[in-house]
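Guided by the hints, dock chain B onto chain A, whose structure is given.
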Amino acid sequence: MTAASRQPSGAASYVNTHQIMVGPVRRKSLIALFALLPALVVFCAFWLLPFSRLIMMGAEADPSSGISAYLTILTHRQYLISLATTVGLSLVVSLVAVAIAGVAGFFLARQRFFGKSILVAILTFPLAFPGVVVGFLVIMLGGRQGALAQTSLWLFGERWMFAYSLAGLFIGYLYFSIPRVITTVMAACDNLDQSLEEAARSLGANTWQVIKDVIVPGIAPALLSTGAICFATSMGAFGTAFTLGTRLSILPLNIYGEFTNYANFAMAAALSVVLGVITWMALSLARRLAGGNLGASV
Amino acid sequence: MSSSVSITLNQCSRTFAGGNTALQPLDLQVHAGETLVLLGPSGCGKTTTLRIISGLESPDKGGQVQFGERDVTALPIEKRDVGMVFQNYALFPNMSVADNIAYGLKIQRLPRAEIAHRLDEVMRMVDLQGLGERRIDALSGGQKQRVALARAIAVRPKVLLFDEPLAALDAKLRDRLRIEIGQLLRELGTTAVYVTHDQDEAMALGDRIAVMQAGRIAQLGSPQEIYHQPANAFVADFIGAVNCLDVISTRANANGGLVVHGGELRASHLRGVSTVYCRPEDIQVVSVDQADVTGKVVQSIFLGQTQRLMVDTGGASPLQVEAPSRQRWPNGTAIGLALPSSVLFHPDKPTPPVNAKEMANG
Chain A
1 MTAASRQPSG
11 AASYVNTHQI
21 MVGPVRRKSL
31 IALFALLPAL
41 VVFCAFWLLP
51 FSRLIMMGAE
61 ADPSSGISAY
71 LTILTHRQYL
81 ISLATTVGLS
91 LVVSLVAVAI
101 AGVAGFFLAR
111 QRFFGKSILV
121 AILTFPLAFP
131 GVVVGFLVIM
141 LGGRQGALAQ
151 TSLWLFGERW
161 MFAYSLAGLF
171 IGYLYFSIPR
181 VITTVMAACD
191 NLDQSLEEAA
201 RSLGANTWQV
211 IKDVIVPGIA
221 PALLSTGAIC
231 FATSMGAFGT
241 AFTLGTRLSI
251 LPLNIYGEFT
261 NYANFAMAAA
271 LSVVLGVITW
281 MALSLARRLA
291 GGNLGASV
Chain B
1 MSSSVSITLN
11 QCSRTFAGGN
21 TALQPLDLQV
31 HAGETLVLLG
41 PSGCGKTTTL
51 RIISGLESPD
61 KGGQVQFGER
71 DVTALPIEKR
81 DVGMVFQNYA
91 LFPNMSVADN
101 IAYGLKIQRL
111 PRAEIAHRLD
121 EVMRMVDLQG
131 LGERRIDALS
141 GGQKQRVALA
151 RAIAVRPKVL
161 LFDEPLAALD
171 AKLRDRLRIE
181 IGQLLRELGT
191 TAVYVTHDQD
201 EAMALGDRIA
211 VMQAGRIAQL
221 GSPQEIYHQP
231 ANAFVADFIG
241 AVNCLDVIST
251 RANANGGLVV
261 HGGELRASHL
271 RGVSTVYCRP
281 EDIQVVSVDQ
291 ADVTGKVVQS
301 IFLGQTQRLM
311 VDTGGASPLQ
321 VEAPSRQRWP
331 NGTAIGLALP
341 SSVLFHPDKP
351 TPPVNAKEMA
361 NG
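Going line by line, the protein sequences match chains A and B.
If you're matching positions, the first sequence starts at 1 in this note's numbering and goes up one per residue.
If you're matching positions, the second sequence starts at 1 in this note's numbering and goes up one per residue.
Derived from the structure by calculation, the hints contain no laboratory data.
What you were told as hints is all true, and nothing was included just to trick you.
Examples of chain A residues toward chain B, derived with CB under 8 Å:
1. 193
2. 195
3. 196
4. 198
5. 201
6. 202
7. 205
8. 206
9. 209
10. 214
Just so we're clear, the structure is a prediction, and the values are computed from it rather than from any experiment.
Just so it is clear, CB atoms sit at the ideal spot from N, CA and C, and this is done for glycine as well.
Extracted from the complex, chain A is given alone in its bound form (with noise of 0.2 Å):
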């Protein structure tokens, strides 16, 4: 710069500057680099290499069937069952738990009454838990000594159960969902605009026309995105379901079956691949469908 400031001539003070001005840039870039090394080297070391070799891995021979273990999950009618009852029992627990979750999350946000906080907080309870806590609780309402099997033997003579069962999954799922649904749906409501509710009841809409018109289309990208979230825990939720019985055929169990019971490590990476894969495509569909601005990241 003080070279360039000497320059007696404005145009050519100016070349000079630009010039100059390259150096620091190329040195500030490669000062980056350096600064990011360790960040690299630990994204290298921890998420390139098992990820890679985790994908490497399914591509492998199946031992049963002799052919790639993606190819076998994609051919073999146990593996696509188990698939589809995966994806079907999230899909089926994401649209339940945002439903009954967004209509208690709405009412919460706006109503006023003696005691709420205790019940937000009682409601919201369930999020401290882990999924095995989750399993016992399902276990001891609709076990074998559960209050339903007790309840329907006093009355009935006989064991009403759902806990070993998918019903049993699916209000284990239910019950960790709704508590997430509920936190996002109520944050949401707090956002909304309420004089765009009054300027649509000023225009004579009436109370269903305003939820229809104003109230879902403004908390739509938050009940998207919770859906989402809600989608892929209960893809992945493995603690939960190994306490209810490793008959259940869902793809978590799937993965830990072949991997400890018949060390067939090319199935369980190609489960797992598939299992992510279809988690990141729904966390990535809900935020382009929610305007970008809610993050697929759980």
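Leaving out everything else, chain B in the frame of chain A:
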């Protein structure tokens, strides 16, 4: 357009949870076809009054709201047939301009041809032709408020309600939209209630103005009455600038001269008051020997078309005087001021007729 309707509030008060009284029991009549402006500082109850008229809030027990002869106190806003314009526009972000404007018409289940016709009509009225397919977030602030206005008038409401509609716009745009809203209201002839804290807006738009203070109406009258005969010091101060001159003593002669700091005022109609009020623009700068009051310029504020002189006459606060913009009075200049009796007023005393000045002088 629909025939206009009067609005009557009987003993409408509003107390919020926690015992905060936003509105003292209020009686108010808005004539059919009139534009009434509710003017006042924040927290004066003007918005609460508007919301009671709209049906968004209910008055406390005993209060009654009437549209014409009809008691609408128990009706919610969606049944009251009002059009409302909000400060933050309150446009539906998920709908296009046309869908926003046609929303109330669709709710009414009007035939498609009628909706198209009305849409066309109101978009022409507010000068939005060709913007029907635009997204709301692609509009400027002024355009947004036009859409809100079109949406409110499209349903041909009995009553139009405005809640500080121009407060979020910049000064130039505000002036333009103010004029347009005024024209529109005259054209429609719909009864309108307009809330603002901006006195210029109130003067320009109101057939009558209700100046509100601490949950009460301090004065209700035409813009001229409010400005020239303010009912109390608050109104005088809130509408425009006003000087308060303390009366030190009253001369015992027939002229009824009021001795104030810096001189003596002849104002027989103000006999007995302790404070005399006058507007900065009513005071003239004259030579010292012709002056009613003299003082020293302590500050001059250039305003463009005029300038505001602060003149210290020895009183508690300097007098504000509006003076021609091109002349210069450096600080410290001794200055003479003429305060003719016709421009002096006190809320408790009737304003003299126009020729009172001559009578007092003669």
